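Undergrad: Work out the full structure, taking the sequences as your base and the hints as a guide.
As they're listed, the protein sequences go chains A and B. For the first sequence, position 94 matches number 94 in my numbering, and the numbering has no gaps at all. For the second sequence, position 94 matches number 209 in my numbering, and the numbering has no gaps at all.
Simulated from the structure, these hints should not be mistaken for lab results. Be aware that one or more of the hints could be misleading.
Derived, one-sided and incomplete: chain B residues facing chain A with beta-carbon distance under 8 angstroms [what the hints assert, rightly or not]:
#, residue
1, Ser156
2, Gln157
3, Phe178
4, Pro180
5, Tyr202
6, Leu215
If you're wondering where the values come from, they're calculated on a predicted model, not measured in any experiment. Even for Gly, the Cβ is constructed at its ideal location relative to N, Cα and C.
Here is what each chain is made of, one letter per residue.
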Amino acid sequence: EAGVAQSPRYKIIEKRQSVAFWCNPISGHATLYWYQQILGQGPKLLIQFQNNGVVDDSQLPKDRFSAERLKGVDSTLKIQPAKLEDSAVYLCASSSRDRAQNIQYFGAGTRLSVL
Amino acid sequence: LAKTTQPISMDSYEGQEVNITCSHNNIATNDYITWYQQFPSQGPRFIIQGYKTKVTNEVASLFIPADRKSSTLSLPRVSLSDTAVYYCLVVGMDTGRRALTFGSGTRLQVQP
Numbered sequence: 001e002a003g004v005a006q007s008p009r010y011k012i013i014e015k016r017q018s019v020a021f022w023c024n025p026i027s028g029h030a031t032l033y034w035y036q037q038i039l040g041q042g043p044k045l046l047i048q049f050q051n052n053g054v055v056d057d058s059q060l061p062k063d064r065f066s067a068e069r070l071k072g073v074d075s076t077l078k079i080q081p082a083k084l085e086d087s088a089v090y091l092c093a094s095s096s097r098d099r100a101q102n103i104q105y106f107g108a109g110t111r112l113s114v115l
Numbered sequence: 116l117a118k119t120t121q122p123i124s125m126d127s128y129e130g131q132e133v134n135i136t137c138s139h140n141n142i143a144t145n146d147y148i149t150w151y152q153q154f155p156s157q158g159p160r161f162i163i164q165g166y167k168t169k170v171t172n173e174v175a176s177l178f179i180p181a182d183r184k185s186s187t188l189s190l191p192r193v194s195l196s197d198t199a200v201y202y203c204l205v206v207g208m209d210t211g212r213r214a215l216t217f218g219s220g221t222r223l224q225v226q227p
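TA: In structure tokens form, the structure reads like this:
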């Protein structure tokens with residue numbers, strides 16, 4: 001089966017610009033996650049969707065980050081405006097049910113550099 | 116926020132057994148412990164998952180004590196291709212709320 005698809009793979013922007021990332025989860029996976037992974041650290045959950053509803057967005061900086069999952073399939077994560085500290089890899093993952101014992105499948109990520 | 120702790124790095128030689136421990140003091144009662152492997156420029160990849168005692172699959176074993184406040188990933192007879200960063204993932208309890216938390220990762224370097 002096809003894996004989690006993310007685009008773009010790389011993005012370079014200047015601070016205060018806007019950027020958007022796209023994720024297409026594995027077909028049939030109801031749960032979708034966005035993580036931020038800063039160099040040398042473990043992934044940090046930004047937002048978790050169950051179908052098109054938000055399960056957890058407690059660590060999403062809502063003044064500048066937003067995410068949506070229209071129709072419960074694809075998802076976009078947006079940053080507006082970007083700050084230098086947003087430089088990181090943004091990972092998307094999906095799993096088949098909203099329970100921790102379900103395996104998360106990750107995309108390759110989008111590497112964002114904010115200059 | 117829920118705290119999950121791992122050693123920063125470990126070194127080993129080909130053919131040896133490697134054990135990586137993760138401590139997760141406030142793990143949620145009914146949730147599993149999952150371990151992932153990550154290579155550079157790739158997303159994490161599932162290795163093994165367990166709830167208690169011992170779980171074994173074709174690539175690793177996972178040991179979880181009765182109090183579930185830690186877990187140990189065991190890689191038998193490592194090879195050069197096992198050089199990667201290993202993360203534990205747990206659902207911890209943070210001020211009464213369930214929180215998905217990755218450990219900080221253990222960088223394993225396997226030497227010939």
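Undergrad: For each hint, tell me whether it holds in the structure or not.
TA: Hint by hint, here is what the structure shows:
no.: 1; hint: Ser156; in the structure: holds, 7 angstroms
no.: 2; hint: Gln157; in the structure: holds, 6 angstroms
no.: 3; hint: Phe178; in the structure: violated, 17 angstroms
no.: 4; hint: Pro180; in the structure: violated, 19 angstroms
no.: 5; hint: Tyr202; in the structure: holds, 5 angstroms
no.: 6; hint: Leu215; in the structure: holds, 5 angstroms
Hints 3, 4 from the list above are not met by this structure, while the remaining hints are.
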